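Trainee: Chains as they are written, first to last, in UniProt numbering: chain A, 1 to 126; chain B, 1 to 126; chain C, 1 to 126; chain D, 1 to 126; chain E, 1 to 126; chain F, 1 to 126.
Any given hint might turn out to be false.
Stated by the list, open to error - In silico PhoX-like pairs for lysine-lysine, Cα to Cα no more than 25 Å straight-line: (1) B:LYS24 - E:LYS3; (2) F:LYS3 - A:LYS3; (3) D:LYS88 - D:LYS115; (4) A:LYS88 - A:LYS126; (5) A:LYS126 - A:LYS115; (6) C:LYS24 - A:LYS88; (7) C:LYS54 - C:LYS126; (8) E:LYS88 - C:LYS54; (9) D:LYS54 - F:LYS54; (10) D:LYS115 - A:LYS24; (11) D:LYS88 - A:LYS24; (12) B:LYS3 - B:LYS54; (13) A:LYS88 - A:LYS115; (14) C:LYS88 - C:LYS115; (15) C:LYS3 - B:LYS9; (16) E:LYS54 - B:LYS24; (17) E:LYS3 - E:LYS88; (18) D:LYS9 - E:LYS3; (19) F:LYS3 - A:LYS9; (20) C:LYS115 - D:LYS88; (21) E:LYS3 - D:LYS3; (22) F:LYS115 - E:LYS24; (23) D:LYS88 - C:LYS88; (24) A:LYS115 - C:LYS24; (25) B:LYS88 - F:LYS24; (26) A:LYS3 - F:LYS9; (27) F:LYS88 - E:LYS24; (28) D:LYS3 - E:LYS9; (29) F:LYS24 - B:LYS115; (30) D:LYS54 - F:LYS88; (31) B:LYS54 - A:LYS88.
Said to hold, decoys possible - Selected chain A positions facing chain B (in silico; Cβ < 10 Å): (32) GLU17; (33) GLN21; (34) PHE40; (35) THR60; (36) LEU61; (37) SER62; (38) ILE65; (39) THR72; (40) GLY73.
Quick caveat, the hints were computed from the structure, so don't treat them as lab data.
Only a predicted model underlies this, so the values are computations on that prediction, with no experimental measurement involved.
By construction, the Cβ of each residue, glycine as well, lies at the ideal position given by its N, Cα and C atoms.
For reference, the chains in residue letters:
Protein chains: 6
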Amino acid sequence: MDKNEAGWKQIEELAGERGIQSMKAAEEFSPRLARLAVEFGYGDVYASDALTLKQRSLITLSSLITQGDPGTGLSYHFRAALRIGVTKEEILELINHCTAYAGFPKCINALFIFKEAYETYEEENK
Amino acid sequence: MDKNEAGWKQIEELAGERGIQSMKAAEEFSPRLARLAVEFGYGDVYASDALTLKQRSLITLSSLITQGDPGTGLSYHFRAALRIGVTKEEILELINHCTAYAGFPKCINALFIFKEAYETYEEENK
Amino acid sequence: MDKNEAGWKQIEELAGERGIQSMKAAEEFSPRLARLAVEFGYGDVYASDALTLKQRSLITLSSLITQGDPGTGLSYHFRAALRIGVTKEEILELINHCTAYAGFPKCINALFIFKEAYETYEEENK
Amino acid sequence: MDKNEAGWKQIEELAGERGIQSMKAAEEFSPRLARLAVEFGYGDVYASDALTLKQRSLITLSSLITQGDPGTGLSYHFRAALRIGVTKEEILELINHCTAYAGFPKCINALFIFKEAYETYEEENK
Amino acid sequence: MDKNEAGWKQIEELAGERGIQSMKAAEEFSPRLARLAVEFGYGDVYASDALTLKQRSLITLSSLITQGDPGTGLSYHFRAALRIGVTKEEILELINHCTAYAGFPKCINALFIFKEAYETYEEENK
Amino acid sequence: MDKNEAGWKQIEELAGERGIQSMKAAEEFSPRLARLAVEFGYGDVYASDALTLKQRSLITLSSLITQGDPGTGLSYHFRAALRIGVTKEEILELINHCTAYAGFPKCINALFIFKEAYETYEEENK
Numbered sequence: 001m002d003k004n005e006a007g008w009k010q011i012e013e014l015a016g017e018r019g020i021q022s023m024k025a026a027e028e029f030s031p032r033l034a035r036l037a038v039e040f041g042y043g044d045v046y047a048s049d050a051l052t053l054k055q056r057s058l059i060t061l062s063s064l065i066t067q068g069d070p071g072t073g074l075s076y077h078f079r080a081a082l083r084i085g086v087t088k089e090e091i092l093e094l095i096n097h098c099t100a101y102a103g104f105p106k107c108i109n110a111l112f113i114f115k116e117a118y119e120t121y122e123e124e125n126k
Numbered sequence: 001m002d003k004n005e006a007g008w009k010q011i012e013e014l015a016g017e018r019g020i021q022s023m024k025a026a027e028e029f030s031p032r033l034a035r036l037a038v039e040f041g042y043g044d045v046y047a048s049d050a051l052t053l054k055q056r057s058l059i060t061l062s063s064l065i066t067q068g069d070p071g072t073g074l075s076y077h078f079r080a081a082l083r084i085g086v087t088k089e090e091i092l093e094l095i096n097h098c099t100a101y102a103g104f105p106k107c108i109n110a111l112f113i114f115k116e117a118y119e120t121y122e123e124e125n126k
Numbered sequence: 001m002d003k004n005e006a007g008w009k010q011i012e013e014l015a016g017e018r019g020i021q022s023m024k025a026a027e028e029f030s031p032r033l034a035r036l037a038v039e040f041g042y043g044d045v046y047a048s049d050a051l052t053l054k055q056r057s058l059i060t061l062s063s064l065i066t067q068g069d070p071g072t073g074l075s076y077h078f079r080a081a082l083r084i085g086v087t088k089e090e091i092l093e094l095i096n097h098c099t100a101y102a103g104f105p106k107c108i109n110a111l112f113i114f115k116e117a118y119e120t121y122e123e124e125n126k
Numbered sequence: 001m002d003k004n005e006a007g008w009k010q011i012e013e014l015a016g017e018r019g020i021q022s023m024k025a026a027e028e029f030s031p032r033l034a035r036l037a038v039e040f041g042y043g044d045v046y047a048s049d050a051l052t053l054k055q056r057s058l059i060t061l062s063s064l065i066t067q068g069d070p071g072t073g074l075s076y077h078f079r080a081a082l083r084i085g086v087t088k089e090e091i092l093e094l095i096n097h098c099t100a101y102a103g104f105p106k107c108i109n110a111l112f113i114f115k116e117a118y119e120t121y122e123e124e125n126k
Numbered sequence: 001m002d003k004n005e006a007g008w009k010q011i012e013e014l015a016g017e018r019g020i021q022s023m024k025a026a027e028e029f030s031p032r033l034a035r036l037a038v039e040f041g042y043g044d045v046y047a048s049d050a051l052t053l054k055q056r057s058l059i060t061l062s063s064l065i066t067q068g069d070p071g072t073g074l075s076y077h078f079r080a081a082l083r084i085g086v087t088k089e090e091i092l093e094l095i096n097h098c099t100a101y102a103g104f105p106k107c108i109n110a111l112f113i114f115k116e117a118y119e120t121y122e123e124e125n126k
Numbered sequence: 001m002d003k004n005e006a007g008w009k010q011i012e013e014l015a016g017e018r019g020i021q022s023m024k025a026a027e028e029f030s031p032r033l034a035r036l037a038v039e040f041g042y043g044d045v046y047a048s049d050a051l052t053l054k055q056r057s058l059i060t061l062s063s064l065i066t067q068g069d070p071g072t073g074l075s076y077h078f079r080a081a082l083r084i085g086v087t088k089e090e091i092l093e094l095i096n097h098c099t100a101y102a103g104f105p106k107c108i109n110a111l112f113i114f115k116e117a118y119e120t121y122e123e124e125n126k
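Start from the sequences, fold in the hints, and give me the full structure.
Mentor: See below:
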């Protein structure tokens, strides 16, 4: 399986049909950015077994909170975290943990983004 | 056990005698900052069981890499990670993972900080 | 008065009924994050007399502008600043001052967030 | 020609009537911030011939992407870039280039901001 | 008095002979950057009376801590703060205050930079 | 030519023997991080002709200044810029330009890093 194929599979595992659609939306306007994201970001980076998918999810969320992601990236990765089995309690505690390292304002912003992502996810999966 | 006591115990578990010494150095110049760090940062934030110490370590390192920590914080937490059982392979892969989310320059800086922290740690524990 | 009580009082002084409501909204989804914010952020940090409330307000706003807060945090703290007596002229000059240290784009974003916060505040208090 | 006049001319060259209007909107609420932006930002910084306007545009966009501009600044400068002759292909590749230095999340956010700015610009200029 | 003259005077008031020397060092390698810093940064921004010099000092320090300044900027402005009458206690509390907004790692880094700046300053002024 | 080979060639063109040595130093400790940097960062990202190498250099430097790179990345890329024909005057003006977008402190830090990189480069190439 080449990196491109592996990358799309990884997106599907992580973010499902919605993840695929959102990468397709990027691809339509910038095929090369989508290819770089799929092949490098997902196909190559995620390929190693040195970390579990769940560990990667915690690392990604901490990076996005710390860089002050305005919402799209955080929504996508909060949802992905729930899909792969990170619990609501773990995500809430990750946000708590980040207050000491990245300050409260970014964490409170993240909390409300998570609230919305969580409620949508629950709605769709009940 | 109150938060102050819990905080100092947490520092010892995470960072050992060296961690204690480094907080004492801060305390000498700013008792209040040290107290806030010990009671809130360690005594309160780390008290919840919703995340394991190892998960907290990955989250902390991702935040420090993303905010471009110049070295002191990263050294301290790389060392703490090794102490509590995060493996060299996991830390290296965490750095790899962050390249996609925070860019290469911060990750390459982190790599050389980790290299030094790792070698010192190995030297002291052989 | 314990930290929890002191924290809620501090929020009320700083941000009034609206501040209380907004912390309650966070508390409903994440009681622990709200408790950490109330007890540490407000109850403990604000307790020292070494800085006046007005000085703290300037420091908070400068930090939020510099970290590129997307709006919620800035709105809340612009409003709090007006409540505790920081003048419109002082806030505008704080934004001017930050252009030299954090660059124009973050300051122009902050200006329009302040404009909206200021107009709402004036409307409600005339 | 003094810096004030030079600054307004520079804004017009870079961003046209819309650029003028947006600076006037800032000026109405904060005359001093607008004057600092016009005289220093545009009148003085852009006055040197050591870089072409197109080179300045690439530098500005890279800085805005890297600092995670939430949209207003990026929209303004994407549009300015198109006006002064930076091609769609160059801008898309600038976004691709930044993935390696600032990470994917900021670049994907920038891509969708550019998509909207580009489509509006095309619509108005056909 | 023109902006250039006003700027150099401002640097002297804020940072004394050492401040002048450090701007001269920049000027030798980049006369234009020094001129922009002197005329805009000091000559124009600091000229307004809407904030006191002491308020500006708090705002500057909060911005530098939040952006993770690696040391040169913070040393210079900690020293300037002491010169113009911000007390050691106020600076320590500013660092404490920033823990809630920018996280502990940046504040602990700032603490040790301040410790060194403070001790040098005391040594020279006893 | 595959991406790995293309990447190493790109590093050589950009940063010469010293660039190769510095990537080899990273490779020794983390072969996978070096491979990701070489294949993605250099082999894939730099492969497109949509931007010239000189344009990429300006974009990279602006990103590094804006993210507050502590020195290693900036030194490497200032040197690379000089090698591929970006002039001293263009680099100085890029730093000037960034003052308006990222603030003075990061630009003054960058100036002194560039001064050292420039003097070393001149020394070696006379």
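Trainee: Please go over all the hints and tell whether each is borne out by the structure.
Mentor: Hint by hint, here is what the structure shows:
Taking the CA atoms of LYS24 of chain B and LYS3 of chain E, the gap is near 47 Å; set against the 25 Å cutoff, the hint is violated. About 13 Å separates the Cα atoms of LYS3 of chain F and LYS3 of chain A, which keeps this hinted pair within 25 Å; it holds. Under the criterion of a C-alpha separation no larger than 25 Å, the hint pairing LYS88 of chain D with LYS115 of chain D is consistent with the structure, at around 10 Å. As the CA atoms of LYS88 of chain A and LYS126 of chain A are separated by approximately 15 Å, the hinted pair is consistent with the 25 Å bound.
Of the pairs offered as hints, the one joining LYS126 of chain A and LYS115 of chain A holds, with about 16 Å between alpha carbons and a cut-off of 25 Å not exceeded. Between LYS24 of chain C and LYS88 of chain A the alpha-carbon distance is near 19 Å, which keeps this suggested pair within the 25 Å criterion. At most 25 Å may separate the alpha-carbon atoms for a hinted pair to count; LYS54 of chain C and LYS126 of chain C meet this at roughly 22 Å. Restraint check: the Cα-Cα separation between LYS88 of chain E and LYS54 of chain C comes to about 18 Å, which is no more than 25 Å; the hinted pair holds.
Between LYS54 of chain D and LYS54 of chain F, the direct Cα distance comes to roughly 13 Å. Compliance with the 25 Å bound is thereby established for this hinted pair. For the suggested pair LYS115 of chain D and LYS24 of chain A, the alpha carbons sit about 14 Å apart, so the restraint of at most 25 Å is met. Distance restraint check for LYS88 of chain D and LYS24 of chain A: the Cα-Cα separation of roughly 19 Å lies within the 25 Å cut-off, and the hinted pair is therefore satisfied. Note on LYS3 of chain B and LYS54 of chain B: the hinted pairing holds, with a Cα-Cα distance of about 21 Å set against a maximum of 25 Å.
The straight-line distance between the Cα atoms of LYS88 of chain A and LYS115 of chain A is roughly 10 Å, inside the 25 Å bound, and the hint therefore holds. Among the hinted pairs, LYS88 of chain C with LYS115 of chain C is consistent with the structure: their alpha-carbon atoms are about 10 Å apart, no more than 25 Å. In summary, the hint linking LYS3 of chain C to LYS9 of chain B is supported, as the alpha carbons are separated by about 22 Å, within the 25 Å threshold. For the proposed pair LYS54 of chain E and LYS24 of chain B, the alpha carbon gap of about 31 Å is over 25 Å, so the pair is violated.
Restraint check for LYS3 of chain E and LYS88 of chain E: not satisfied, since their Cα atoms lie roughly 31 Å apart, outside the 25 Å limit. Note on LYS9 of chain D and LYS3 of chain E: the hinted pairing holds, with a Cα-Cα distance of about 22 Å set against a maximum of 25 Å. Our distance criterion of 25 Å between C-alpha atoms is met by LYS3 of chain F and LYS9 of chain A, whose separation comes to about 22 Å. With a C-alpha separation of about 34 Å, the suggested pairing of LYS115 of chain C with LYS88 of chain D is violated against the 25 Å cut-off.
Among the hinted pairs, LYS3 of chain E with LYS3 of chain D is consistent with the structure: their alpha-carbon atoms are about 13 Å apart, no more than 25 Å. Between LYS115 of chain F and LYS24 of chain E, the direct Cα distance comes to roughly 14 Å. Compliance with the 25 Å bound is thereby established for this hinted pair. Restraint check for LYS88 of chain D and LYS88 of chain C: not satisfied, since their Cα atoms lie roughly 42 Å apart, outside the 25 Å limit. At most 25 Å may separate the alpha-carbon atoms for a hinted pair to count; LYS115 of chain A and LYS24 of chain C meet this at roughly 14 Å.
Under the criterion of a C-alpha separation no larger than 25 Å, the hint pairing LYS88 of chain B with LYS24 of chain F is consistent with the structure, at around 19 Å. Taken as a hint, the LYS3 of chain A and LYS9 of chain F pair is honoured in the structure, with Cα atoms around 22 Å apart against an allowance of 25 Å. This hinted pair checks out: LYS88 of chain F and LYS24 of chain E have alpha carbons roughly 19 Å apart, not beyond 25 Å. Of the supplied pair hints, the one linking LYS3 of chain D and LYS9 of chain E holds, its CA atoms being roughly 22 Å apart against a limit of 25 Å.
With a C-alpha separation of about 14 Å, the suggested pairing of LYS24 of chain F with LYS115 of chain B holds against the 25 Å cut-off. About 18 Å separates the Cα atoms of LYS54 of chain D and LYS88 of chain F, which keeps this hinted pair within 25 Å; it holds. At roughly 18 Å between alpha-carbon atoms, LYS54 of chain B and LYS88 of chain A fall within 25 Å of each other, so this suggested pair holds. At its closest, the beta carbon of GLU17 of chain A sits 22 Å from a beta carbon of chain B; the interface hint therefore is violated under the 10 Å criterion.
The beta carbon of GLN21 of chain A comes no nearer than 20 Å to any beta carbon in chain B, farther than 10 Å, and the hint placing it at the interface is violated. A hinted interface residue such as PHE40 of chain A counts as satisfied when its beta carbon comes closer than 10 Å to some beta carbon of chain B; here the least separation is about 7 Å, so the hint holds. At about 6 Å, the closest approach between the beta carbon of THR60 of chain A and any beta carbon in chain B falls short of 10 Å, and the interface hint on this residue holds. Against a cut-off of 10 Å between C-beta atoms, the interface hint on LEU61 of chain A holds, since the closest Cβ of chain B lies about 8 Å away.
Residue-level restraint check for SER62 of chain A holds (minimum Cβ-Cβ distance to chain B is 4 Å; threshold 10 Å). Given hint, ILE65 of chain A at the interface with chain B, holds; its Cβ is 7 Å from that chain's nearest Cβ, closer than 10 Å. Look at THR72 of chain A: its Cβ only gets to about 14 Å from chain B, farther than 10 Å, so that hint breaks. Satisfaction of the interface hint for GLY73 of chain A is found here, the shortest Cβ-Cβ separation to chain B being roughly 9 Å, below the 10 Å cut-off.
In summary, the structure is inconsistent with hints 1, 16, 17, 20, 23, 32, 33, 39 from the numbered list given earlier, while agreeing with the others.
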